[in-house]
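Enquirer: Same order as they appear, the protein sequences are chains H and Z. Our numbering numbers the first residue of the first sequence as 7 and each following residue consecutively. Our numbering numbers the first residue of the second sequence as 186 and each following residue consecutively.
Honestly, the hints are just simulated from the structure, not real lab data. Cβ atoms here follow ideal geometry from the backbone N, Cα and C, with glycine treated the same way. Be aware that a few hints might be false.
What the hints assert, rightly or not - With a straight-line Cα cutoff of 20 Å, these simulated SDA-like cross-link-like pairs (lysine to any residue) come out: (1) Z:Lys261 to Z:Ile303; (2) H:Lys12 to Z:Gln248; (3) Z:Lys315 to H:Leu54; (4) Z:Lys328 to H:Gln26; (5) Z:Lys315 to H:Leu23; (6) Z:Lys315 to H:Leu21; (7) Z:Lys315 to H:Gln26; (8) H:Lys63 to Z:Arg309; (9) Z:Lys307 to H:Pro79; (10) H:Lys12 to Z:Lys315; (11) H:Lys67 to H:Gln26; (12) Z:Lys328 to H:Ser20; (13) Z:Lys307 to H:Leu54; (14) Z:Lys315 to H:Lys63; (15) Z:Lys328 to H:Met7; (16) Z:Lys328 to H:Ser37; (17) Z:Lys315 to H:Pro79; (18) Z:Lys307 to H:Tyr61; (19) Z:Lys307 to H:Asn52; (20) Z:Lys307 to H:Met59; (21) Z:Lys328 to H:Asn52; (22) Z:Lys315 to H:Asn22; (23) H:Lys12 to Z:Gln249; (24) H:Lys12 to H:Asn52; (25) Z:Lys307 to H:Val62; (26) Z:Lys328 to H:His51; (27) H:Lys12 to Z:Arg309; (28) Z:Lys187 to Z:Asn266; (29) Z:Lys315 to H:Ser24; (30) Z:Lys328 to H:Lys67.
As the list claims (entries may be wrong) - Sample of chain H residues with no beta-carbon within 12 Å of chain Z, all distances over it, derived: (31) Ser20; (32) His41; (33) Ala47.
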Amino acid sequence: MTITVKFFASLRESLNLSSQTLNHEGINTASDAWHKATKGAAMPHNVLIAVNMDYVKDTHKIKDGDEIAFFPPVTGG
Amino acid sequence: MKIELRHQAFDPWLELQHAEIALRDSASGQFGAACIFVGTMRDLNEDVSVKNMFLEHYPEMTQQHLQNIATEAIDKWQLLNLLVIHRVGHIEPNDNIILLAAWSAHRDAAFKACRYLIEELKHRAPFWKKETLSNNSERWVTKNTPS
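Looking at chain H on its own, in the form it has when it is part of the complex:
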């Protein structure tokens, strides 16, 4: 009954968090996962969220076993 939360790029550095496994209990949405993983840090307005590699909104429902990623705007190419 766990989920995985990952942070990338400048978010990983500023929060000093990369990947962690959390108990799914009490985490209903992606926003809940952010707040539990960061211990209540404010979510940047431009954060991008992916669940199991697909982009979602912060209200996306989280299921057991999900991988949730938070990262800043992408800059490839």
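Go by the hints and put chain Z onto chain H.
Expert: Just chain Z now, kept in the frame of chain H:
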């Protein structure tokens, strides 16, 4: 279709030569146009001298989204072949960052597909650039250039 993430420098012209030779076997006589985009690292960004950069990515998601974008382009413009090579890791000025190539029967499809690929990739594929400046300080690139 070939989509690859590369940790080492690559020669886009050699890659194109190999792809073109293979296509002459698999789609002989069918393609009338190829459009190519090559993106290269500059030593200047936002008026500041840049020594090198690190291109971070989210491996599984990056591969998946490159695949999705490529499939969309093939379906939308009936492409005969597509080549996407994108660097990750440590990159020096003059290194090629990306190679996109689209082959089609006619030029309009190839041009449009190539433009679609680079714009969608820049907005959807999870890559992030961290630059090391000439004074050895580091900064994250926070947004794409407008065009």
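Enquirer: So, for every hint listed, does it hold in this structure?
Expert: Verification of the supplied hints:
For the suggested pair Z:Lys261 and Z:Ile303, the alpha carbons sit about 15 Å apart, so the restraint of at most 20 Å is met. Pair hint H:Lys12 plus Z:Gln248 holds up; C-alpha atoms about 17 Å apart against a cutoff of 20 Å. Annotation: proposed proximity of Z:Lys315 to H:Leu54 holds, straight-line Cα distance about 18 Å (limit 20 Å). At most 20 Å may separate the alpha-carbon atoms for a hinted pair to count; Z:Lys328 and H:Gln26 exceed this at roughly 27 Å.
Pair hint Z:Lys315 plus H:Leu23 holds up; C-alpha atoms about 17 Å apart against a cutoff of 20 Å. Pair hint Z:Lys315 plus H:Leu21 holds up; C-alpha atoms about 17 Å apart against a cutoff of 20 Å. Annotation: proposed proximity of Z:Lys315 to H:Gln26 is violated, straight-line Cα distance about 23 Å (limit 20 Å). With a C-alpha separation of about 15 Å, the suggested pairing of H:Lys63 with Z:Arg309 holds against the 20 Å cut-off.
Straight-line distance between C-alpha atoms of Z:Lys307 and H:Pro79 comes to about 10 Å, which keeps the hinted pair within the 20 Å bound. With a CA separation close to 18 Å, the supplied pair H:Lys12 and Z:Lys315 stays within the 20 Å bound. At most 20 Å may separate the alpha-carbon atoms for a hinted pair to count; H:Lys67 and H:Gln26 meet this at roughly 19 Å. Between Z:Lys328 and H:Ser20 the CA atoms are separated by roughly 17 Å; this keeps the pair inside 20 Å, and the hint holds.
Between Z:Lys307 and H:Leu54 the CA atoms are separated by roughly 14 Å; this keeps the pair inside 20 Å, and the hint holds. Using a Cα cut-off of 20 Å, the hinted pair Z:Lys315 and H:Lys63 is violated, with the two alpha carbons roughly 26 Å apart. Between Z:Lys328 and H:Met7 the alpha-carbon distance is near 37 Å, which puts this suggested pair outside the 20 Å criterion. Our distance criterion of 20 Å between C-alpha atoms is broken by Z:Lys328 and H:Ser37, whose separation comes to about 24 Å.
Restraint check for Z:Lys315 and H:Pro79: the C-alpha separation of about 13 Å stays at or below 20 Å, so the hint holds. A distance of roughly 15 Å separates the Cα atoms of Z:Lys307 and H:Tyr61; the hinted pair therefore holds under the 20 Å criterion. In summary, the hint linking Z:Lys307 to H:Asn52 is supported, as the alpha carbons are separated by about 16 Å, within the 20 Å threshold. Between Z:Lys307 and H:Met59, the direct Cα distance comes to roughly 16 Å. Compliance with the 20 Å bound is thereby established for this hinted pair.
Between Z:Lys328 and H:Asn52, the direct Cα distance comes to roughly 11 Å. Compliance with the 20 Å bound is thereby established for this hinted pair. Taking the CA atoms of Z:Lys315 and H:Asn22, the gap is near 16 Å; set against the 20 Å cutoff, the hint holds. Restraint check for H:Lys12 and Z:Gln249: satisfied, since their Cα atoms lie roughly 17 Å apart, inside the 20 Å limit. Proposed proximity of H:Lys12 and H:Asn52 is supported: the alpha carbons are some 17 Å apart, at most 20 Å.
Only pairs whose Cα atoms come within 20 Å are accepted, and Z:Lys307 paired with H:Val62 is accepted, the gap being roughly 18 Å. Simply put, Z:Lys328 and H:His51 have alpha-carbon atoms about 14 Å apart, close enough for the 20 Å limit, and the pair holds. Simply put, H:Lys12 and Z:Arg309 have alpha-carbon atoms about 18 Å apart, close enough for the 20 Å limit, and the pair holds. For a cut-off of 20 Å, the pair hint linking Z:Lys187 to Z:Asn266 stands: about 8 Å separates their Cα positions.
Distance restraint check for Z:Lys315 and H:Ser24: the Cα-Cα separation of roughly 17 Å lies within the 20 Å cut-off, and the hinted pair is therefore satisfied. Taken as a hint, the Z:Lys328 and H:Lys67 pair is broken in the structure, with Cα atoms around 29 Å apart against an allowance of 20 Å. Not every beta carbon of chain Z lies more than 12 Å from that of H:Ser20, the smallest distance being close to 10 Å; the non-interface claim is violated. No Cβ of chain Z comes within 12 Å of the Cβ of H:His41; the nearest lies about 21 Å off, and the non-interface call holds.
The claim that H:Ala47 is not at the interface with chain Z holds, since no C-beta of that chain comes within 12 Å of its own (minimum 18 Å).
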